[in-house]
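**Student:** When you number the sequence shown by the numbering used here, it's gap-free, plus one each residue, and the end is 295.
None of these hints come from the bench; they were simulated from the model.
Backbone N, C-alpha and C fix where the C-beta goes; we use that ideal spot for every residue, glycine too.
Just to be clear, a hint being listed does not mean it is correct.
[Unchecked claim] DEER-style ranges, computed between Cβ atoms:
{"no.": "1", "residue 1": "R256", "residue 2": "V73", "range": "23 to 31 Å"}
{"no.": "2", "residue 1": "T99", "residue 2": "Q210", "range": "44 to 52 Å"}
{"no.": "3", "residue 1": "Q210", "residue 2": "V73", "range": "37 to 45 Å"}
[Claimed, not checked] Heads up, simulated DSS-like pairs for lysine-lysine below, C-alpha to C-alpha not over 25 Å straight-line:
{"no.": "4", "residue 1": "K30", "residue 2": "K242"}
{"no.": "5", "residue 1": "K278", "residue 2": "K30"}
{"no.": "6", "residue 1": "K278", "residue 2": "K242"}
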Amino acid sequence: MQRRDFLAGALALPALARSLHPLGAPSLKLGYAAITWGGQDDVAVDEIASLGFRGIQLRTAAFERWGTRPEVLTELLASRRLSFVAFSSGALRLAPETFDDDLALHLRHARFVRACGGTFLQVVDERPRDRAPTGADHAAMARRLNALGARVADLGLTLAYHNHMGNLGQAPDEVEGVLARTDARHVRLLLDIAHWQAAGGDPVAAVRQHADRLAFLHLKDVVRSPSTTNGRAYRFVELGKGEVDVRGVLAEVARTGFDGWGIVELDAVTDPALTPKRCAQVSKDYLMSIGYPT
Numbered sequence: 002m003q004r005r006d007f008l009a010g011a012l013a014l015p016a017l018a019r020s021l022h023p024l025g026a027p028s029l030k031l032g033y034a035a036i037t038w039g040g041q042d043d044v045a046v047d048e049i050a051s052l053g054f055r056g057i058q059l060r061t062a063a064f065e066r067w068g069t070r071p072e073v074l075t076e077l078l079a080s081r082r083l084s085f086v087a088f089s090s091g092a093l094r095l096a097p098e099t100f101d102d103d104l105a106l107h108l109r110h111a112r113f114v115r116a117c118g119g120t121f122l123q124v125v126d127e128r129p130r131d132r133a134p135t136g137a138d139h140a141a142m143a144r145r146l147n148a149l150g151a152r153v154a155d156l157g158l159t160l161a162y163h164n165h166m167g168n169l170g171q172a173p174d175e176v177e178g179v180l181a182r183t184d185a186r187h188v189r190l191l192l193d194i195a196h197w198q199a200a201g202g203d204p205v206a207a208v209r210q211h212a213d214r215l216a217f218l219h220l221k222d223v224v225r226s227p228s229t230t231n232g233r234a235y236r237f238v239e240l241g242k243g244e245v246d247v248r249g250v251l252a253e254v255a256r257t258g259f260d261g262w263g264i265v266e267l268d269a270v271t272d273p274a275l276t277p278k279r280c281a282q283v284s285k286d287y288l289m290s291i292g293y294p295t
C-alpha cells in the first residue's frame, strides 16, 4: 500500500465511525432498572447482566432482602459485573412533622447503598393533594433536600432528585422551582425523560438546560393513552415505541459531554404476554439500532 493510500484510509476512519454511530461517540454508561421484575431482584440481576447492561438500579425490595446482609448483594453484583448505580429510596414529604422520620429512613437506605458500593440515592417529593403547589412548597422541599443531601454526601453518596408525574417536581417549571433553591454540591437531578415529556416538557432541552446538575438519566419512553385502566393519560413503553425523542436526547447528552449513567427503565411489562427480560431486549435492540451499544 502506498503512503498516500494509507493516509486516505486513515483520514476516512472518523467519517466511517460517525456513519456507524450517528449520535457521535456514545458517552453514557448504560444500566437497567429492576422495577420491571416486581421485587424479584435476583432474577433481575441475572437477566440484566445477561443482556450486557453494565449497571443496575434497585428499589426497597432489595433493602428488605439484603439490608442486614449487604455483602451478599455486593458479591452477587460483582459476580455479574454490574455496578450498583442507584437505589430508589422513596419520598420526602411536605409536612414538617414527617421530616425526622423521612430523614432516618433515607439514611438507613443510604448506609445500605454505601455498604454495597452504590453511588446514588434517589428520592421523589410529595405534591399537595388539595391545592396547587406554591413557591413556599418549593422552598420547603429544597430545604429538606439540602439537609438530606448533605447527610448523604457525608456517607460518600450523591442525592438524586427525581422529576416525577404526580409529585411536586412534575412540570419543568416546578422542577426548576425546587432545584434552583437547592445546593448543587449536595443535590443533583435524576432526569427522567419520559416523565419530563408526560409533564409537557422537551427532554432534549432539559438535557441542555440541566447538563451541569445531572446525576444520571432515566431512559424511558411514553405514549399518550387516555384509556389506560389506572386513570392516567399516558403509559410507559419500551424505548423507540413512544413519543420521546430518545435519539435527540442521546445526541444532546453526547454534545454536552456528560459521561455518567443512563438507566433504562420500564415500570411494568407492556403486555401480559411479555417478560421483563423481553421488554428489556426491545429497548436494547432500539439503542443498538441507533448506534448506542450497551
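**Student:** Is 23 to 31 Å right for how far apart the beta carbons of R256 and V73 are?
**Tutor:** violated, 41 Å
**Student:** For a C-alpha distance cap of 25 Å, please report whether K30 and K242 respect it.
**Tutor:** Judged against 25 Å, a Cα distance of about 22 Å means the pair holds.
**Student:** Between T99 and Q210, is the Cβ distance one that fits in 44 to 52 Å?
**Tutor:** violated, 31 Å
**Student:** Just tell me: holds or violated, for the beta carbon distance of Q210 and V73 against 37 to 45 Å?
**Tutor:** Since the Cβ atoms of Q210 and V73 sit about 41 Å apart, the hinted range of 37 to 45 Å holds.
**Student:** Take the C-alpha atoms of K278 and K30, compute the straight-line distance between them, and say whether it is at most 25 Å.
**Tutor:** Holds, at about 19 Å.
**Student:** Given the proposed pairing of K278 with K242, does the C-alpha separation stay at or below 25 Å?
**Tutor:** With Cα atoms ~16 Å apart, K278 and K242 stay inside 25 Å; holds.
Of the numbered hints given earlier, the model fails hints 1, 2; all others are met.
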